[in-house]
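Student: The residues making up each chain are set out below.
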Amino acid sequence: MRFMNVVVCVKQIPDPAAPARLDPSTWTLEREGKLILDESDSYGVEMGLQLADQAGGGEVTLVSMAPRNETSGLRTALAMGAARAILVSDPVLGGSDALGTAKVLAAAIRRAEPDLVVAATESTDGYTGTLPVQLAELLGFPSVTFVKKVTVGDGKVHVERQTEAGFDEVETPLPAVITVTAGVVEPRYPSFKGIMAAKGKPVDQLTVADLGLPEGSVGAAGARQEVVSVEPAESRKAGEIIVDEGDAHTRIVAYLEQLKVI
Amino acid sequence: MSTSLSPEQEELRATVERFARNEVAPVIAKLYEQEEFPYDIVAAMGRMGLFGLPFPEEYGGMGGDYFAFCLALEELARVDSSVAITLEAGVSLGAMPIFRFGTEEQKREWLPRLCAGTMLGAFGLTEPGGGSDAGATRTTAHRDGDEWVLNGTKAFITNSGTEITGLVTATAVTGRDHEGRPRISSIIVPAGTPGLTVAKKYSKVGWSSSDTHELAFDDCRVPAANLLGEEGRGYAQFLRILDEGRVAVAAMSVGLAQGCVDESLRYMGEREAFGRRIGEYQALQFKLADMEARTHVARLAWRDAAARLTEGRPFKKEAAVAKLVASDAAMVNAREATQIFGGYGFMNDSPVGRFYRDAKILEIGEGTSEVQRMVIAQAMGLPRPH
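From first to last, the protein sequence lines stand for chains E and P.
Letter 183 of the first sequence, counting from 1, is numbered 182 in numbering that gives the first Met the number 0, and no numbers are missing.
Letter 283 of the second sequence, counting from 1, is numbered 282 in numbering that gives the first Met the number 0, and no numbers are missing.
Just so you know, these hints were derived from the structure itself, not from any lab.
Remember, it's a predicted structure, so these values are computed and weren't measured experimentally.
Heads up, a few of these hints could be off.
Claimed, not checked - Quick list of in silico lysine to aspartate or glutamate cross-link-like pairs, EDC-like style, CA-CA up to 20 Å:
(1) E:Lys236 <-> P:Glu213
(2) E:Lys200 <-> P:Glu9
(3) E:Lys148 <-> E:Asp124
(4) E:Lys33 <-> P:Glu9
(5) E:Lys192 <-> P:Glu269
(6) P:Lys200 <-> P:Glu35
(7) P:Lys315 <-> P:Glu269
(8) E:Lys192 <-> P:Glu57
(9) E:Lys192 <-> P:Glu362
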């Protein structure tokens, strides 16, 4: 098989284990501390590595946009086995909305000339879940979302796409954009050899000017989306405890019917 | 000068932390309760390359060092000590003697599988009549043609009876010097050799998911080529192995001490008593502050000893200091964490209950705290006691 060039979009996010804070003036997430690889992207990285492997030749290029030239999350994915990374970092990108981010990533991805672009369905920190399809539109690639299984061959990608009822089988020509759900593959833990090898792998650091994007088209200046207010999430209501007095099964069935689960 | 980790060391630490949290924590309580060996976890650690961490790539290793190995041990022990000791013994007692003292042929034969974690090696040193007291070794090996014939019993041997145990390196008396003192040698005995009997596993107070057996050698014959290192050098060899192992056990102890801090900090933010979160009471704040301080100091101690070891500087005293203070920190923190948790801390399925049961052996294995004090005193130039 021919050489397979997979681009995986990865986001570097504040550690979800640490308490998160919103900037009170913009209501966006503060990203001042160390950033790590979004765990939901580790599935895409693993899938990319497996596809490149199955193709009998190929490699994974990571594409990321992050503040302050942050690379620690990229290093994790490089340690897993990705070959190289393209990082777009530019102070003007603060306050980007989803479309602005998609424009930046699309411009970076074009440079990598991918056969396939893989992204998570959504990120874990601040997300709209719209970026991958915007990306596909900007790149002019077909997109298939919620992918749980992928095979590539004869210039096409064949996928099983998760639906509420089961899955759809979809085939589309390459290049294409797919989004993968958590749990589709078992992401490998990087070995120490992988970690040491990641040290020497190339990370292309680019600015908005390097990408040739017009000033004002991206970042806060180009954002058409604004967070106007923030409400605390509704706390989870206590569950209902059914004590079995001989009729528990009928009460559980009634409860599930009311939820329209059965 | 800095005592902080390099980006690569930090990446390794964070990877093992993630592994322990995601793969070990959810399943270990049940394995522990049922005293089952964690085969799946061992296989996963093998795939991550943890068993090959301090060995060169040419033998299937990861090209790391002992410091990196200790970092991994600390993070594993933060969640569970049975898993950590399985790795510790597999590397520092199973594979390390072969790497340090083996012939090229022995290394090529055993190390690739030991590094991959598909095979475990054990180190048969301790006997029913003595551990650190090497003069008390009763197991003998005599030459008969081109074979060694072993007779004797070994006690408390970690990783000696698993389905993937491939060898035990046994110390044995192979003769006497001109002053009548025993000449001790190390001999590789492959698992399944006729005459080697693996007794049923011990019922232990802690480390319940780790594999520990008594071994009996009864006219057990192995090829003469299975001698590890020089004949009569077994004593010096195992002293080196124990010195290194002390650093590893110190790192494990710090992991357990840190696990106590993690669990207590979380619980103190959740549990309420007398209308307030218990973390608001200064009595517990001071307890936790002391636990944190103890852990921090012990961590600096093992890192210093491990740094000396990796740089090829003398580390014997520092290893003993690290083992002494770290095992003490683990023991005290386990007691304090259990106190903070109250009745829940006394339950076997709470991590803190496991920490309490697992802590004590850290003051015993790889040289007791008393042996560490002997080593430290002698390193200070004090005379050997009589």
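Student: Take the hints in turn and mark each one as holding or not.
Tutor: Quick rundown of the hints versus the structure:
1. With a CA separation close to 54 Å, the supplied pair Lys236 of chain E and Glu213 of chain P exceeds the 20 Å bound.
2. Taking the CA atoms of Lys200 of chain E and Glu9 of chain P, the gap is about 18 Å. The hint holds against a cut of 20 Å.
3. Our distance criterion of 20 Å between C-alpha atoms is broken by Lys148 of chain E and Asp124 of chain E, whose separation comes to about 25 Å.
4. A distance of roughly 12 Å separates the Cα atoms of Lys33 of chain E and Glu9 of chain P; the hinted pair therefore holds under the 20 Å criterion.
5. A threshold of 20 Å between alpha carbons decides the hint, and for Lys192 of chain E with Glu269 of chain P the separation of about 40 Å lies outside it, so the pair is violated.
6. Annotation: proposed proximity of Lys200 of chain P to Glu35 of chain P holds, straight-line Cα distance about 11 Å (limit 20 Å).
7. For a cut-off of 20 Å, the pair hint linking Lys315 of chain P to Glu269 of chain P is broken: about 43 Å separates their Cα positions.
8. Between Lys192 of chain E and Glu57 of chain P the alpha-carbon distance is near 12 Å, which keeps this suggested pair within the 20 Å criterion.
9. The suggested pairing of Lys192 of chain E with Glu362 of chain P is violated, with an alpha-carbon distance near 33 Å, which exceeds 20 Å.
Hint violations for this structure: numbers 1, 3, 5, 7, 9, all remaining hints satisfied.
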